[in-house]
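Here the protein sequences line up with chains A and B, keeping their order. Note that this note's numbering has the first sequence beginning at 1, numbered continuously upward. Note that this note's numbering has the second sequence beginning at 204, numbered continuously upward.
Treat the hints as calculated values from the structure; they're not laboratory data. One thing to keep in mind: the hints can contain errors.
[Claimed, not checked] If you only want the chain B side, here are some residues facing chain A, beta carbon under 7 Å, derived:
| hint | residue |
| --- | --- |
| 1 | 260 |
| 2 | 266 |
| 3 | 269 |
| 4 | 272 |
| 5 | 275 |
| 6 | 309 |
| 7 | 315 |
| 8 | 318 |
| 9 | 320 |
| 10 | 321 |
| 11 | 322 |
| 12 | 326 |
| 13 | 327 |
[Claimed, not checked] Computed list of chain B residues with no C-beta within reach of chain A, every gap over 10 Å:
| hint | residue |
| --- | --- |
| 14 | 208 |
| 15 | 227 |
| 16 | 232 |
| 17 | 238 |
| 18 | 264 |
| 19 | 267 |
| 20 | 294 |
| 21 | 300 |
| 22 | 323 |
Owing to the predicted nature of the structure, the values given are computational and were not obtained by experimental measurement. Virtual Cβ for every residue (Gly too), placed ideally from N, Cα, C.
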Amino acid sequence: MPDNQTQQKWDKAAKNFDLMAGRGAETRWRPFKEALFAHMEGKVLFLALGTGLDISTFPTGKNISAIDISPRMLQQAEPRIAAYDGTIEAQVMDVHELSFEDNQFDQIYTSCTFCSVPNPVEGLKSLRRVLKPGGELRMFEHTGSKYYPFKPMMSLMTRITEKMGPAMNRDTVANVTAAGFELVEVNNLFLDVVVTISAINPE
Amino acid sequence: MDNRLFFVLGDLLANLAVGAAAAWLSWLIIDTGWNMWLAMVVAMCLGMFLGLLLFLPLSLALGAMEVMIPVMLGGMVSGMVVGMWCAMAILTPAMAVFVGAVCGLASINLVWVINNHVRGSYTPKVGSQ
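Let the sequences and hints guide you as you build the complete structure.
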């Protein structure tokens, strides 16, 4: 059973999500997302698909399994899924309770996901289970900052934003390590707040 | 920093506007009779809150974290400087707005300088978290 509270939060946000996510952020982040997703190969899992804003940055011709906790988000994503030049099989699923078999995927991609997963380390451990040994985890995430005064500012923001959507002060890099992944590279795109993270599932 | 012209100009103008607005708000509220330290704290909080509010419309065109962090910082710095100034001396509204705009520009430039040092890729060492 998916986490009802989280599901309801994102179902509620689905209608205005594209406006909330903002064209500005999508335009600004597009080159970085395209560069990250260009590495897609083999059996790929993408989470969380949301309204499918990221689909236009995927390389064409891929066969991608995608999940999201919110059925309404995936409803909104349908036209984008249909327009993709490749195959996207989208399912409603909670990252904490993945129904995939062990060691199923070659790569897992996330995009602004682990700011919102209620228990990020457990969610990442769940990803490790379905990722093949030696498989890659590639993430585009916004995280908390370790620098003053950005750190307290983002903690303040989190008190407001986590009621409607994401937390702003997660230490996702540390969470990836805590879940047992081996970090390969962290790329700070804006301060230490917008980052791409590459990690592997140790053999 | 993002060197696309739209975002460079957008970031500069957004921070200039938020700095000026925070300064004007501080000028409206704080008078010369205020304790300087109280004025500073009140105006800092007001400026940061105003930055947070103005981030919402600005984010539609300019992005998320890249806008939120500088405008909150700019609002905070502008409120702090103008709030203290208003508590110590008589300041015209035009001067307050000008000082606020300068604070906004200084803040975005500070963020760019820090970003220039922080950005880029690295391989974390095991146990370095």
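Right, here's what the structure says about each hint:
A distance limit of 7 Å between C-beta atoms decides the matter here; for residue 260 (chain B) the minimum to chain A is near 10 Å, and the interface restraint is violated. For residue 266 (chain B), the suggested interface contact is upheld, since its CB lies about 4 Å from the closest CB of chain A, less than 7 Å. The restraint placing residue 269 (chain B) at the interface with chain A holds, with a minimum CB-CB distance near 5 Å, inside the 7 Å limit. Hint on residue 272 (chain B) holds. Least Cβ distance to chain A is approximately 6 Å, under the 7 Å limit.
Interface restraint check for residue 275 (chain B): the shortest CB-CB distance to chain A comes to about 5 Å, inside 7 Å, so the restraint holds. Nearest Cβ of chain A to the Cβ of residue 309 (chain B): about 14 Å, over the 7 Å cut. The hint is violated. Contact between residue 315 (chain B) and chain A, as hinted, is not supported at the beta carbon level, the nearest pair being about 10 Å apart and thus beyond 7 Å. For residue 318 (chain B), the shortest C-beta to C-beta distance to chain A is roughly 5 Å, which falls under 7 Å, so the interface hint holds.
Look at residue 320 (chain B): its Cβ only gets to about 9 Å from chain A, farther than 7 Å, so that hint breaks. Evaluation of the residue 321 (chain B) hint against chain A yields a held restraint, the C-beta minimum of about 5 Å falling below 7 Å. Annotation: residue 322 (chain B) was flagged as interfacial toward chain A, and the flag holds, the nearest CB pair being 5 Å apart, inside 7 Å. Here the hint on residue 326 (chain B) is kept, as its CB sits about 6 Å from the closest CB of chain A, short of 7 Å.
Annotation: residue 327 (chain B) was flagged as interfacial toward chain A, and the flag holds, the nearest CB pair being 5 Å apart, inside 7 Å. The non-interface label for residue 208 (chain B) is consistent with chain A: the shortest C-beta to C-beta separation is roughly 13 Å, beyond 10 Å. Look at residue 227 (chain B): its CB is around 22 Å from the nearest CB on chain A, clear of 10 Å, so calling it non-interface holds up. With a least CB separation of 21 Å from chain A, residue 232 (chain B) remains clear of the 10 Å interface cut-off, as annotated.
Against the 10 Å criterion, residue 238 (chain B) stays outside the reach of chain A, whose nearest CB is about 23 Å from its own CB. Distance check on residue 264 (chain B): its Cβ comes as close as 5 Å (rounded) to a Cβ of chain A, failing to clear the 10 Å threshold; non-interface status is violated. Some Cβ of chain A comes within 10 Å of the Cβ of residue 267 (chain B); the nearest lies about 4 Å off, and the non-interface call is violated. At the 10 Å boundary, the C-beta of residue 294 (chain B) stays outside the reach of chain A, the nearest C-beta of that chain being 25 Å off.
Non-interface call for residue 300 (chain B) relative to chain A: holds, since the shortest CB-CB distance, roughly 23 Å, exceeds 10 Å. Non-interface status of residue 323 (chain B) relative to chain A is broken: a Cβ of that chain comes within 10 Å, the nearest being about 6 Å off.
Comparing the model with each earlier hint shows violations of hints 1, 6, 7, 9, 18, 19, 22; every other hint is respected.
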